Amino acid sequence: MNRLKPFQGAAAGWLGVVPYGAFLAIFLIVPVISNIWTTFVSQGRFSLDAMSRLLKPQYLDAFLTTINLSLVTAVLGGVGGLALAWALNAAEKPRWLRNFVLSYSAVASQLGGVPLAFAFIAALGVQGVVTRGFLDVTGWDLSQTFPLASFAGLAIVYLYFQVPLMAILMLPALGSLKQHWSEAAASLGASRWHYVRDVVFPVLWPPILGALLLLFANAFSAYATAYALAGGGVNLVPIMIGFFISGNVMMDEGFAAALVTGMIFIIVVTMTLRALLERRANKWLR
Amino acid sequence: MPTVAAEIQLSKITMAYGQKTVLRNLDLQLKGGELLALLGPSGCGKTTILRVLAGFESPQKGTVSIAGQDVTRSPVRNRGIGVVFQAYSLFPHMNARDNVAYGLRIRRSSLGKRTARAAELLETVGLAEHADKFPHQLSGGQQQRVALARALAIEPRVLLLDEPLSALDAKVRVHLREEIRRIQTQAGTTTLLVTHDQEEALTIADRIGVMHDGQIEQLDSPEAIYRRPATPFVSQFVGVTNRIPALPEDGRVRVLGHHLGIENQDRTVSDGTRLTALIRPEDLTLSDDFPGGDSAGSGLVTTLVLRGAITSVMVRSEALGQDVRVDLPAHAARLFSAGQRVLVSPRATTTLIGRDHTELSEEDAA
Amino acid sequence: MAALTHSIQRRGRQVMVTVIFSVALALFFTPLIAAAVFGFTLPGEGVSFESISLALRSTSFLPQLLMTLQLAVLSTVGSLLLLVPTLLWLHLKAPRLLPFAEWLSVIPYVVPAIALVSGASLFFRATFPGFLVSPYSLVPFYMVLSLPLVYRSLDAGIRALDIKTLVAAGNSLGATAIQILLTVILPNLRPALLGASLLSVAMVLGEYALAALLLHSTFPVFLLEMGNNQPRAAAALSFIVIIATWLLLLSLSTAGTQRTRVTGGSCRTHLPVVSSTTPPKGDR
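Protein chains in written order, with this note's numbering: chain A, 1 to 286; chain B, 1001 to 1366; chain C, 2001 to 2284.
Check the hints yourself; a few may be wrong.
[Unchecked claim] List of simulated lysine to aspartate or glutamate pairs, EDC-like, C-alpha gap at most 20 Å:
(1) B:Lys1020 - A:Glu92
(2) A:Lys178 - B:Glu1057
(3) A:Lys178 - B:Glu1163
Since the hints were derived computationally from the structure, they do not count as laboratory data.
Keep in mind that this is a model prediction, so the values were computed, not measured.
Turn these sequences into a full structure, and let the hints guide you.
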């Protein structure tokens, strides 16, 4: 009897997770597994054929371009976002201004997709309001210098959500820097620079790097924004996957699956690193 | 341990945050090597004094000098102060040893020297075996010990303790305050302790300044603060005080049927006004012996509250319409029981007088 | 003098803050204002609602918008029906399984929408070919995409409640399990339920990749198609969508603060939009 009880308890516990687990299994895990299966199993046999085709120049170029775009927007967005987070943290006087900027940052960090793309086309497109205004005043056509359907154009649009996302991610970490730390450091003889070098930087680099990794993954998986702006104009992995799935290019299930597997692999690596860094940061910042 | 017993002088300090003036023309001296406690309720300005002395705040007026040297305009890092904050002031990414050695690292001491000094100090605070632990692996009390060692490592001229024990458990608090006193005496560093815990101030300070509304109401030895409070505020903030209605008579007051002299003669007392005598529970006695029928001090014992060595006997006085607390040694209190009729009388022949009874109860409510 | 240097430093910092805020706001609002100007004017005519009203009269606008709203409601209700009982069960009966359930809930973070489409079409075309034909087949996938946000929001709400004590108190007063659920737990969870719902709705209203690649007509798909031949109308609609999203999420944060004011409780946790660990939804 006594032996049975813990078993019953455990079984009852698992019972409650069955609908949740089954739902995720059917609509998330099995699709992902069948994707990986399709990548590595061809005609009933294990095969690296599809994966090795990822190394062909045009596909490798897609990965490199996507990584490049993600890196650039993560780093620039990281710098801008840190500045914004610092300002949100240091702001004193009009409370409403800070709250206004914070609330819009929270929304902008989640924006993206088709509406954002059209807002930018309205501003910086060939007929865009900003482009026209600039052209009238200076004679300089911005849409020629930074065409939206280009690497630079996509980077500008991505920064629209990367900067506020970085700010939102960094705000708690900045807030957890205790005033007592800077005062203790000053009392021990440290200058402002010593304090930044010895305390602020070592404490903040794990959350900063973690946030940058998230920004990277965020840009890497963006599809709708890039598709609406550039279509096939920029050689990006998500767009290429989209073409394969919608049948715009020659149907090849195994290869589309390989592209997806490569994409998931990169994001899993990024997010795992982030989880490790976060664990480290949480130990210090409470 | 080296002894750097610097004198400290704050003169005519005025400090305001925006519209709110926290300190006005405040003077305070610390003798070399003493431990002075600033005691007061929150918002009384005690922490502001510490922050002005440390250099975290710049006063609008007045001067701060340490060891005869005017430091009013010196940045914090040049003042030679060690600070222990209320909590969470250790650098979270450094272990205990690196925290303690940080000030020496800034001073470019050699690695060997600062490691040795850190080890010595961690030994002093009883944490020698925890040198490699990080703050999140230490208990609150241990963190505060490391913070104390870190503050002392730079051999400060002044040690500032900003409510260092208030975030700790009662038991740890009692133990650690004795440790702080021992280490401070040993180091001989002039120390300013800011606290709202009267027991802490009374047990470890050489002198106590009781603060109220940005003013130091009384600056004296713990004994004097407790036995001879200079103002009603001090008597009520430090220790427990009964407020008993008193009637003035010929420059003295009539309390519980006894005539008592007035200790704080600065008050003008005219016959007929209602006053309040401030009498500590241990300055009252009980007896079950009645000289007459309607003595002003008579009442019924309502409860007995055991407090260890002493027992508080609560007596309901019909004449006063209030409870009076009488502290007796436990063995003496055993003679009384709830429901018994007793006579309360003061032990001393003088008393401290508070303001008008009604006015005081308003203040009490506020 | 010393007071002066302190205040100068502080002043300098506030000037910096103002500069950063101004630049940020200018950059934030330039595309928005441009969308409004571009969408609500016609060259040589000034302010005009001509282009948008023309677009709205298009036959596909209303059905696609209604379809999207249906999907939003169905996904949200589905998520709540799946997650609220699961989470309550876990918190009450099997708290040991909570970390596992939470780990499952963040898997969608590493599976971008585009990857989910690929996997889903591979699997379902091979097993139930008819399933993906109906637009309602998007509902479970939308539930998956919004899972990290919705799970976190509900979990935080339940944690803030201490439901074990609430259930014990209810039991001691003689209430049945159903009574406790309906009269004690759910009313107290209202802010969390509301927050989770708003996040889910906002996610579904903006989702493009799944709908487009599984060939279903939803509002974002309509918007993109319109952009090809009616850019002004598309800009006007985009402006309206962004403002509406902002208001939707703003109402979420005010709901959170009002709740905090009433109970003084720790309901900040219902605001996953501004929480540090919340990566964005996967609909870009």
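Each hint, compared with the structure:
1. Only pairs whose Cα atoms come within 20 Å are accepted, and lysine 1020 of chain B paired with glutamate 92 of chain A is accepted, the gap being roughly 17 Å.
2. Distance hint between lysine 178 of chain A and glutamate 1057 of chain B is fulfilled; the C-alpha atoms sit about 17 Å from each other, no more than 20 Å.
3. Distance restraint check for lysine 178 of chain A and glutamate 1163 of chain B: the Cα-Cα separation of roughly 17 Å lies within the 20 Å cut-off, and the hinted pair is therefore satisfied.
Checked against the numbered hints given earlier, this structure breaks none of them.
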